[in-house]
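Given only the sequences and the hints, what does the whole structure look like? Please build it.
If you're matching them up, the sequences are chains A and B in order. To convert a position in the first sequence, counted from 1, into this note's numbering, add 76. To convert a position in the second sequence, counted from 1, into this note's numbering, add 76.
Hints are computed from structural coordinates only; laboratory data are not their basis. Careful: at least some of the hints might be erroneous.
Identical copies look the same in the list; a pair holds intra-copy or inter-copy alike.
Here are the simulated SDA-like cross-link-like pairs (lysine to any residue), alpha carbons at most 25 Å apart as the crow flies [said to hold, decoys possible]: (1) Lys287 to Thr133; (2) Lys84 to Asp104; (3) Lys287 to Ala198; (4) Lys287 to Leu145; (5) Lys287 to Ala141; (6) Lys84 to Glu130; (7) Lys84 to Arg183; (8) Lys84 to Arg268; (9) Lys287 to Gln161; (10) Lys287 to Glu216; (11) Lys84 to Glu191; (12) Lys84 to Thr133; (13) Lys287 to Leu131; (14) Lys287 to Glu101; (15) Lys287 to Arg225; (16) Lys84 to Asp219.
No experiment lies behind these values; they were computed from the predicted model shown.
2 protein chains.
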Amino acid sequence: MRAAYNDKMTELGDLLGEMAGLAGEAMDKATRALLQADLTLAEQVISDHDRITELSTVSEERAFALLALQAPVAGDLRSVVSGIQMVADIDRMGALALHVAKIARRRHPNHVLPEEVNGYFAEMGRIAVSIGAAAKVVLETRDPELAARLRDEDEAMDDLHRHLFTVLMDRDWSHGVAAAVDITLLGRFYERFADHAVEVGRRVIFLVTGKLPDDDATVKADADNLTTYPD
Amino acid sequence: MRAAYNDKMTELGDLLGEMAGLAGEAMDKATRALLQADLTLAEQVISDHDRITELSTVSEERAFALLALQAPVAGDLRSVVSGIQMVADIDRMGALALHVAKIARRRHPNHVLPEEVNGYFAEMGRIAVSIGAAAKVVLETRDPELAARLRDEDEAMDDLHRHLFTVLMDRDWSHGVAAAVDITLLGRFYERFADHAVEVGRRVIFLVTGKLPDDDATVKADADNLTTYPD
Numbered sequence: 077m078r079a080a081y082n083d084k085m086t087e088l089g090d091l092l093g094e095m096a097g098l099a100g101e102a103m104d105k106a107t108r109a110l111l112q113a114d115l116t117l118a119e120q121v122i123s124d125h126d127r128i129t130e131l132s133t134v135s136e137e138r139a140f141a142l143l144a145l146q147a148p149v150a151g152d153l154r155s156v157v158s159g160i161q162m163v164a165d166i167d168r169m170g171a172l173a174l175h176v177a178k179i180a181r182r183r184h185p186n187h188v189l190p191e192e193v194n195g196y197f198a199e200m201g202r203i204a205v206s207i208g209a210a211a212k213v214v215l216e217t218r219d220p221e222l223a224a225r226l227r228d229e230d231e232a233m234d235d236l237h238r239h240l241f242t243v244l245m246d247r248d249w250s251h252g253v254a255a256a257v258d259i260t261l262l263g264r265f266y267e268r269f270a271d272h273a274v275e276v277g278r279r280v281i282f283l284v285t286g287k288l289p290d291d292d293a294t295v296k297a298d299a300d301n302l303t304t305y306p307d
Numbered sequence: 077m078r079a080a081y082n083d084k085m086t087e088l089g090d091l092l093g094e095m096a097g098l099a100g101e102a103m104d105k106a107t108r109a110l111l112q113a114d115l116t117l118a119e120q121v122i123s124d125h126d127r128i129t130e131l132s133t134v135s136e137e138r139a140f141a142l143l144a145l146q147a148p149v150a151g152d153l154r155s156v157v158s159g160i161q162m163v164a165d166i167d168r169m170g171a172l173a174l175h176v177a178k179i180a181r182r183r184h185p186n187h188v189l190p191e192e193v194n195g196y197f198a199e200m201g202r203i204a205v206s207i208g209a210a211a212k213v214v215l216e217t218r219d220p221e222l223a224a225r226l227r228d229e230d231e232a233m234d235d236l237h238r239h240l241f242t243v244l245m246d247r248d249w250s251h252g253v254a255a256a257v258d259i260t261l262l263g264r265f266y267e268r269f270a271d272h273a274v275e276v277g278r279r280v281i282f283l284v285t286g287k288l289p290d291d292d293a294t295v296k297a298d299a300d301n302l303t304t305y306p307d
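Put into structure tokens, the structure is as follows:
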């Protein structure tokens, strides 16, 4: 029973890791689609998204089967429950990458971004890819130190997001309201992508150490980030 | 065992309903704070938010205890797992109301909204309150017909959200980029609030009928909504 549980739990962790990896890859392609106005890449993200949705369903069903057939207790039970909760976060990461790709597709053949903000999105994209890859490893290895490091990348993302707002709000902004609306939504999508990865890390830390990180929680991080965007 | 399970499950449904009710009330106050530039109301939403976070933790712990102590099987097990998943959606509804309140507070004593979009937010606020109240009843009664009707309200929200974008994107928009950025974020918060309520309804429908609604799923609804905001 115990060996069966362990095998199934490893499988579930790997599935979640695979999802996080795919979400990171989707954000990589979506960012390139955005920066290069590349319709083919955007459409690839959109069609690849089904695979993440499918893995979401499979993961939920596997976790449910684990509960039903292995009846885990104590820490094992908590691991499965956390797995179910993490599916929603990782699924959402994929949906956010999809949103970025859809904006790139909608504006094609035009570029969504004025050149002066390209650098922000290149860097937010780089962080998103890195945080997606790190979340994958965290899910597969349950390394609490690596999980804690997701927060550092999230902070870098929040900084960029704040700076992006100062650019938008500047009196010299000459690219009009429509571009500002797109950029506002895009910035939000990248920032939320990182928040969900941090939430995954937070759950892994709790599972392994029994404690939440000191500077909890993700919802708070999201709220703080909003508070501090420039007036 | 079965009677104990039923009692605990009713308690969990009521707790989730209470959370949804509080999220709806928070959105009501946040909307009034926004429309009237009312700092006291905005701060009330912000300080009341802790209660939703607290109920979130309590709900998760109750659901976990239910699994650990009652070891439910089959449909009962599925109910508890859904309960755990719904906590995240309802918690997020509260966080979105908090975001609206924080924007109202940040701009105080100024109004966030130019007068011409007040009507949109008054109506989006009305729908949010109504959908929050309906979600509360759905959680308490598990009425699948009422749960399906949440989607209608969500569609009304999406329509408003789309119209709001046409106003922002209009060449005659004279309120500058900063207001447009705020309105873009606010619109997104109301729209996501409704999406999460629909997701709660969808899970209740699945629990009661064993089938998902025909026009599934929420993530798709969110994605479609983005697709259709005006080019």
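Hint check results:
1. Lys287 to Thr133: Classified as between; 14 Å across copies, 29 Å inside a copy.
2. Lys84 to Asp104: neither (30 Å within a copy, 45 Å between copies)
3. Lys287 to Ala198: Answer is neither: 35 Å inside a copy and 42 Å across each miss the 25 Å cutoff.
4. Lys287 to Leu145: between (28 Å within a copy, 22 Å between copies)
5. Lys287 to Ala141: Classified as between: cross-chain Cα gap 18 Å, same-chain 27 Å, threshold 25 Å.
6. Lys84 to Glu130: Within one copy, since 18 Å is at most 25 Å while 32 Å is not.
7. Lys84 to Arg183: neither (44 Å within a copy, 51 Å between copies)
8. Lys84 to Arg268: neither (30 Å within a copy, 34 Å between copies)
9. Lys287 to Gln161: Both, since 17 Å and 21 Å are each at most 25 Å.
10. Lys287 to Glu216: Result: close within a single copy only, 20 Å intra versus 32 Å inter.
11. Lys84 to Glu191: neither (48 Å within a copy, 57 Å between copies)
12. Lys84 to Thr133: within (16 Å within a copy, 27 Å between copies)
13. Lys287 to Leu131: The answer is between: 19 Å across copies meets 25 Å, while 29 Å in one copy does not.
14. Lys287 to Glu101: neither (31 Å within a copy, 32 Å between copies)
15. Lys287 to Arg225: Classified as within: same-chain Cα gap 16 Å, cross-chain 40 Å, threshold 25 Å.
16. Lys84 to Asp219: within (19 Å within a copy, 35 Å between copies)
Violation of the numbered hints given earlier is confined to hints 2, 3, 7, 8, 11 and 14; the remaining hints are satisfied by the structure.
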